[in-house]
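> We have chain A already, so just place chain B on it with the hints.
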Amino acid sequence: GAVVSQHPSWVICKSGTSVKIECRSLDFQATTMFWYRQFPKQSLMLMATSNEGSKATYEQGVEKDKFLINHASLTLSTLTVTSAHPEDSSFYICSAGTGTHEQYFGPGTRLTVT
Amino acid sequence: DQQVKQNSPSLSVQEGRISILNCDYTNSMFDYFLWYKKYPAEGPTFLISISSIKDKNEDGRFTVFLNKSAKHLSLHIVPSQPGDSAVYFCAASSGNNNDMRFGAGTRLTVKP
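Taken in sequence, the protein lines are chains A and B. Numbering-wise (my numbering), the first sequence opens with residue 192 and increments by one. Numbering-wise (my numbering), the second sequence opens with residue 4 and increments by one.
The hints are simulated quantities; they were obtained by calculation from the structure and are not laboratory data. This one's a predicted model, so the numbers in the text were calculated from it and none came from an experiment. Treat each hint with caution, since some may be false.
[Said to hold, decoys possible] Once the Cα atoms are required to be at most 35 Å apart in a straight line, the calculated DSBU-like pairs of lysine-lysine come out as: (1) A:K205 <-> A:K255; (2) B:K59 <-> A:K232; (3) B:K8 <-> A:K257; (4) A:K211 <-> B:K8; (5) B:K114 <-> A:K246; (6) B:K40 <-> B:K59; (7) B:K114 <-> A:K257; (8) B:K114 <-> A:K232; (9) B:K40 <-> A:K255; (10) B:K74 <-> A:K232; (11) A:K246 <-> B:K40; (12) B:K8 <-> B:K71.
[As the list claims (entries may be wrong)] Far from chain B by the CB rule (all over 12 Å, computed), these chain A residues: (13) C204; (14) Q220; (15) H276.
Cβ atoms here follow ideal geometry from the backbone N, Cα and C, with glycine treated the same way.
Pulled out of the complex, with its shape left as it was, chain A reads as follows (with noise of 0.2 Å):
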């Protein structure tokens, strides 16, 4: 139980195009799904949190406008990112809470922008 999918696992765009990553709880209801972001050898760092049907808190330094997250329903989140450029390559991982202290991370999504 308590699998998360991600969708895609890997993608290459042309800077400034927008990029949709899926991110879905597969047997639960998650109150609360996260975002997160790692770049190569550094911590996985927490980009926002969204609970269903209400507007995405980010962390300070993330930009809203860029990174646009929707929370559908209580298995679903997406988290967009808009006019990609080089810099946003990374590797986006998605988590989904149940309202205890675990989450349980989807596989991750590598997006490559050139």
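Leaving out everything else, chain B in the frame of chain A:
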């Protein structure tokens, strides 16, 4: 600011020996600590956790120790196995899971 720190970027141990991964934190509001294991190009998987009301939690080969006064926790793996080779992240949260912060990770290599 780095509220959770893992000062050793890498650790190499021999199969069968003990692996000790360390983690320090600065925020005294953290009351729950977790260890995650991560393979390349995959999401982290939960390993073990500990509440601040405890100083030790054991699960099979994995034991987490918490020293609140020193704001330090450690993960012990014994005996270490080659399949344990991965990056281990320490994480801390306060009150609810909306405030989880991760350390930079320690890459563990267990040599056969």
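> Each hint needs a verdict: does it hold in this structure or not?
Right, here's what the structure says about each hint:
1. A:K205 <-> A:K255: It holds: about 21 Å lies between the C-alpha atoms, which stays within 35 Å.
2. B:K59 <-> A:K232: 29 Å, holds
3. B:K8 <-> A:K257: Cα-Cα ~29 Å, so holds.
4. A:K211 <-> B:K8: 32 Å, holds
5. B:K114 <-> A:K246: With a Cα-Cα distance of about 47 Å, the restraint between K114 of chain B and K246 of chain A is violated, given a limit of 35 Å.
6. B:K40 <-> B:K59: Holds - the C-alpha atoms of K59 of chain B and K40 of chain B are around 19 Å apart, at most 35 Å.
7. B:K114 <-> A:K257: 43 Å, violated
8. B:K114 <-> A:K232: It holds: about 21 Å lies between the C-alpha atoms, which stays within 35 Å.
9. B:K40 <-> A:K255: 29 Å, holds
10. B:K74 <-> A:K232: Roughly 24 Å between the alpha carbons, so the hint for K74 of chain B and K232 of chain A holds.
11. A:K246 <-> B:K40: Roughly 30 Å separates the two Cα atoms, so the pair holds.
12. B:K8 <-> B:K71: Roughly 15 Å separates the two Cα atoms, so the pair holds.
13. C204: With a cut-off of 12 Å, C204 of chain A remains clear of chain B, as the shortest Cβ separation is near 18 Å.
14. Q220: Per Cβ check, Q220 of chain A is outside 12 Å of chain B; nearest 15 Å; holds.
15. H276: 22 Å, holds
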